[in-house]
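> Using the sequences provided together with the hints, build the complete structure.
2 protein chains.
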Amino acid sequence: MTEASARKPSRIQQRNRKIIMDAALEVFSRYGYRGATLDQIAEQAGLSKPNILYYFDGKEDIHVQLLNQLMESWLDPLEHMDPDGEPLTEILAYVRRKLEMTREFPRESRLFANEILQGAPRMGPHLESGLKPLFERKTTVIRDWMTQGKLAKVDPRHLVFSIWATTQHYADFDAQVQVLIPAGEDVVDGAETYLETLFTKLLTP
Amino acid sequence: MTEASARKPSRIQQRNRKIIMDAALEVFSRYGYRGATLDQIAEQAGLSKPNILYYFDGKEDIHVQLLNQLMESWLDPLEHMDPDGEPLTEILAYVRRKLEMTREFPRESRLFANEILQGAPRMGPHLESGLKPLFERKTTVIRDWMTQGKLAKVDPRHLVFSIWATTQHYADFDAQVQVLIPAGEDVVDGAETYLETLFTKLLTP
DNA sequence: GTCTATAGGTCGATAGAC
DNA sequence: GTCTATCGACCTATAGAC
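Protein chains in written order, with UniProt numbering: chain A, 1 to 205; chain B, 1 to 205.
You may find that some hints are simply not true.
Which copy? The list can't say, so a pair holds if one copy fits it or any two copies do.
Unchecked claim - Straight-line distance between alpha carbons at most 25 Å, and here's what the computed DSS-like set of lysine-lysine pairs gives:
(1) Lys59 with Lys49
(2) Lys201 with Lys138
(3) Lys18 with Lys59
(4) Lys201 with Lys98
(5) Lys132 with Lys98
(6) Lys153 with Lys132
(7) Lys153 with Lys201
(8) Lys201 with Lys150
(9) Lys150 with Lys98
No lab work stands behind these hints, which were simulated from the structure alone.
Take a look at the structure:
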């Protein structure tokens with residue numbers, strides 16, 4: 001009685017799991033949880049549907065594992081905001097990193113957006129245990145910077161919300177942005193310049 | 001050959017169509033197009049499924065009509081930005097109006113967000129014909145204001161994006177915001193103060 | 001490949017308004 | 001009596017799972 005995921009995963013297992021996760025990311029991020037089908041994921045992965053279910057316990061299992069895995073890399077930029085760095089530099093670097101992620105990982109951004117939009121049915125606990133403590137630590141750091149006069153005083157929580165909103169917008173609302181900005185123009189480049197100005201003016205004491 | 005929706009709509013028809021649209025908004029905005037079911041909509045509306053289909057041609061028809069109807073009210077605040085008004089006042093009033101809509105019509109916001117996230121499959125034409133011309137008119141107005149030295153110079157298109165992103169965030173990512181901000185606090189009130197500061201500092205010449 | 005549940009959609013019969 | 005509105009039962013395709 002050998003379970004697929006138990007013991008040491010073989011080369012092939014590792015490779016196939018990776019392939020399936022990537023295919024699932026592609027499909028889930030484009031069609032949402034309910035809109036995605038195992039058939040689509042199987043086709044995208046170049047594997048049969050039963051083969052997919054050999055590696056994962058079901059559709060929901062794939063989705064949950066995707067979210068778990070992505071949570072880490074998603075929080076990483078905020079984690080890296082250094083309390084001992086120069087405040088404005090740190091914030092702007094964070095904005096730039098988030099924007100870079102929007103450019104490089106738009107599928108991940110849309111996957112999260114989809115999940116949150118629907119009320120985070122499969123991610124509620126993760127928000128509480130993963131995001132919330134980090135959010136509180138970092139907003140405290142920012143508040144301290146403001147108290148010390150190193151940054152202009154605003155509500156640090158809304159500051160972070162506005163950084164998330166403005167950066168992720170270019171991935172999540174890409175379909176709209178593409179309609180409104182002429183093709184060929186590098187939208188994210190323009191956003192970087194704009195957002196740098198926005199947050200510099202806001203936070204300069 | 002009499003279609004249900006042809007000719008003069010009776011009292012009952014008007015009433016039931018309204019009830020169904022509202023139920024559909026509730027369900028579609030919570031579960032997305034694919035995640036919503038006619039049974040859910042029927043139950044929410046307090047009508048039978050065949051009765052729903054007596055008034056609409058099908059699931060997609062309901063969704064399309066919802067989007068069409070909402071498009072107008074959605075663009076209304078931007079439409080009302082007055083080229084002859086005082087520039088900063090007009091922009092801040094627009095921000096406030098958008099935030100007010102987020103508070104009053106979060107379901108509508110999520111319905112749009114869902115649709116755009118999935119690549120606007122049922123709204124592409126509307127973006128081109130409805131949103132795009134308006135967007136170009138209004139960004140031109142803002143650019144003129146900047147040229148005349150009445151506002152600080154930034155890319156007006158990204159300015160509008162950032163207004164959309166920051167205001168709609170509170171409806172679309174509500175599930176996340178609720179986790180991060182203590183219950184009982186009026187989040188949108190705090191957002192209003194913050195966003196007023198943000199855009200005032202950005203745009204004051 | 002097969003089984004099963006579900007979800008979109010149809011039909012025909014009935015109830016109610018004018 | 002006719003037309004509008006309503007609904008239970010049914011059909012079919014699809015999608016998750018084994």
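> So, for every hint listed, does it hold in this structure?
Outcome of the hint check:
Taking CA atoms no more than 25 Å apart as the test, lysine 59 paired with lysine 49 passes inside one copy only; the shortest distance there is 11 Å, against 28 Å between copies. Taking the closest pair of Cα atoms, lysine 201 and lysine 138 come within 25 Å of each other both inside a single copy (21 Å) and across two copies (24 Å). In this assembly of identical chains, lysine 18 and lysine 59 lie within 25 Å of each other by CA distance solely inside one copy; the values are 15 Å within and 36 Å between copies. Taking identical chains as interchangeable, the C-alpha atoms of lysine 201 and lysine 98 lie at most 25 Å apart whether they share a chain (19 Å) or sit on different chains (22 Å).
Proximity of lysine 132 and lysine 98 under a CA criterion of 25 Å is satisfied intra-copy only: 18 Å inside one chain copy versus 27 Å between copies. In this homomeric assembly, lysine 153 and lysine 132 come within 25 Å of each other (Cα to Cα) only inside a single copy, at 22 Å, whereas the closest approach across copies is 37 Å. Taking the closest pair of Cα atoms, lysine 153 and lysine 201 come within 25 Å of each other both inside a single copy (12 Å) and across two copies (12 Å). Both within a single protomer and between protomers do lysine 201 and lysine 150 lie at most 25 Å apart by alpha-carbon distance, with minima of 13 Å and 17 Å respectively.
Only within a single protomer do lysine 150 and lysine 98 lie at most 25 Å apart by alpha-carbon distance; the minimum there is 22 Å, versus 31 Å between protomers.
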